[in-house]
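What follows is each chain in one-letter form.
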Amino acid sequence: MTSAADKRVTLADAAALVRDGDTVVAGGCCYSRTPWAMLTELLRAGRRDLTLCRNLMSYEAELFLTTGAARKLIASWVGIGLRWGIPKVFREYVERDPQIYEEWSHLSFGMRLMAASMGMPFLPTASLLGSDLLERTPAQHIRCPFTDELLVAVPALVPDVAVIHVHRVDAEGNAQVEGPVYMDVEYARAATTVIVTAEEVVPSETIVRHADRTVIPGFVVDAVVEVPFGAYPHECHGRYEADFAHFDTYTEMVNGGGVDGVQAYVREYVEEPGSFAGFLDLIGASALLEQRRRALELVG
Amino acid sequence: MTATAPPTPVELMTVAGSRLLRDGRVVFAGVGAPLEASVLAKRLHAPALTIVLEGGSIGPRMLPGMLPVSTNEMRAAHDASMLTSINDLFLYGQRGHYDYGFIGAGQLDRFGNVNTSYIGDPDDPKVRLPGSGGANDIVSSCREIFIMTRHEPRRFVERVDFVTSPGYLSGPEARRTAGLVRSRPVAVVTDLALLGFDEETGRLRLDALQPGVREEQVRANTGFELLVSETIGELPPPTDQELSELRWLRDGNRDTSQTREVTSAP
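Sequence lines, in order, name chains A and B. Going by the working numbering, the letters in the first sequence line up with residues 1 to 300, in that order. Going by the working numbering, the letters in the second sequence line up with residues 1 to 266, in that order.
Certain hints may be false.
[Unchecked claim] In silico lysine-lysine, DSSO-like type, Cα no more than 27 Å apart, as pairs:
id, chain 1, residue 1, chain 2, residue 2
1, B, K126, A, K88
2, B, K126, A, K72
3, A, K88, A, K72
[Said to hold, decoys possible] To give an idea of the interface, some chain B residues facing chain A are shown, with a C-beta separation under 7 Å as derived from the structure:
id, residue
4, G55
5, G56
6, I58
7, G59
8, G65
9, L67
10, Y92
11, P166
12, S170
Just so you know, these hints were derived from the structure itself, not from any lab. Please read all numbers here as calculations on a predicted model, not as lab measurements. We treat Cβ as the ideally placed atom computed from N, Cα and C, and that holds for glycine.
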């Protein structure tokens, strides 16, 4: 048996696959299975002018805007989570320049990635009809050539890079997730370059044993990075709950200081720890284990 | 049995919302009060109600005291019958499998158009709101649309600044012409009233008052002229059972004077 390609790299090496100005889509949804380690690595690497895309964005949106890592966001919702209200700094940025945010509905955003994942230039949908969202996006009215039904055509969105965090992957990139897959499969198929971070990198035999659980095949994956707790402070289904206390810390910093608050957060929790491992050290083992305990209680 | 504390405005609204959901149907519920109303309905009068949530969760049975803060998180997936992709979850709706779409609203107008995007001119906005999420998709595809929101003048406006999730637009003809033929706005539930839509004009109509609420109060909190049903009803007050179940779901503390229940709410 010949050995498969070994795509394992460090977070820093993976970050080098992203170029300034790229369109980057981040996996998961809102504060679930966000590739936090990879996203903050892009901040540490000083990437600039990205177009950051995600179905629902949590406060990574504000970190990317205030550091200049992103100059544009494409999403269907930007917040932190319902409980934390309207995101103050995102508001400030869009109120100053509405052009930095391209707003879609959840499904129409998903259909853009689905179209790209199918190798098609567009897909029709029944969403956006009659709404003002239609006027402010590149979406177009279209008539079905067979039934004449009025629909909306959304253009394929082909990201330069997809960054996705999963439960387990082998060195070749065959990836498995537990719980909802969100839009990760469409992202992985659609993007030109795919970076997969994982709670654990496992031997191929482990993947093969449950091949029906593999959602992303290795041949679409370019880089594999093992990052335990790689979505933290966001959640990873069955592994750890989101750290709401940490969200509160972020919200307090932003409510007190606005843009300065976000920048202080980036200094304290991204730059000064020096690495994602350093960030986890700062959070501390007992907090991590508590979030793990809570997740096991829910799913176990 | 201990005396049950009187219902809060949000509880009134949530209980009234839950009563709209019939057994055996499928409801696509947004996070917050619509989700709580759906879980309550399933718990009480609609055990065969299937709840579906944006994150890909079909038929979850949420834990009391651990209702999700986002419909994508682990708590929203608890004891689900199926966890699928987000596109799949929405596409079952586009295919016509969802009976009810149940959403909240930042701002809505006399035609039930909902705005969760911009307050003010979208090119020079006063306030940027979090956005559609799945709400636009829900109102475009789910057969009957229910909207739940607090009844305040700043929310009930003559004309929304931005149509994120269309209601009747400017009337039934406008809705048809726009291609919105798969779904229909049916009701708006608030802490003051239950509102329906006039089929001729697509305008909001006062159908019933929450217990103890006067018609003038509803008018004073509505920023436009409401149509009024010929016979305005009064919604029955929440029962002790509805209230205690709802509170249990929200805070996880079971009144010890009640009968013991299983730990997992359907």
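Hint check:
For the hint pairing K126 (chain B) with K88 (chain A), the CA-to-CA distance comes to about 13 Å; that is within 27 Å, so the pair holds. The suggested pairing of K126 (chain B) with K72 (chain A) holds, with an alpha-carbon distance near 20 Å, which does not exceed 27 Å. For the hint linking K88 (chain A) to K72 (chain A), the alpha-carbon distance of about 17 Å falls within 27 Å, and the restraint holds. Hint status for G55 (chain B): holds, given a least beta-carbon distance of 5 Å to chain A, under 7 Å.
With its C-beta approaching chain A no nearer than about 4 Å, G56 (chain B) sits inside the 7 Å limit, and its interface hint holds. At a threshold of 7 Å, the smallest CB-CB gap from I58 (chain B) to chain A is about 10 Å, leaving the interface hint violated. A least Cβ separation of about 13 Å between G59 (chain B) and chain A goes past the 7 Å threshold, and the interface hint is therefore violated. The interface hint given for G65 (chain B) is violated, since its Cβ lies 12 Å from the closest Cβ of chain A, which is over the 7 Å cut-off.
The interface hint given for L67 (chain B) is violated, since its Cβ lies 11 Å from the closest Cβ of chain A, which is over the 7 Å cut-off. Taking 7 Å as the C-beta cut-off, the interface hint given for Y92 (chain B) is violated, the closest approach to chain A being about 11 Å. A distance limit of 7 Å between C-beta atoms decides the matter here; for P166 (chain B) the minimum to chain A is near 4 Å, and the interface restraint holds. Violation of the interface hint for S170 (chain B) is found here, the shortest Cβ-Cβ separation to chain A being roughly 10 Å, above the 7 Å cut-off.
When held up to the earlier numbered hints, the structure conflicts with 6, 7, 8, 9, 10, 12 and fits the remainder.
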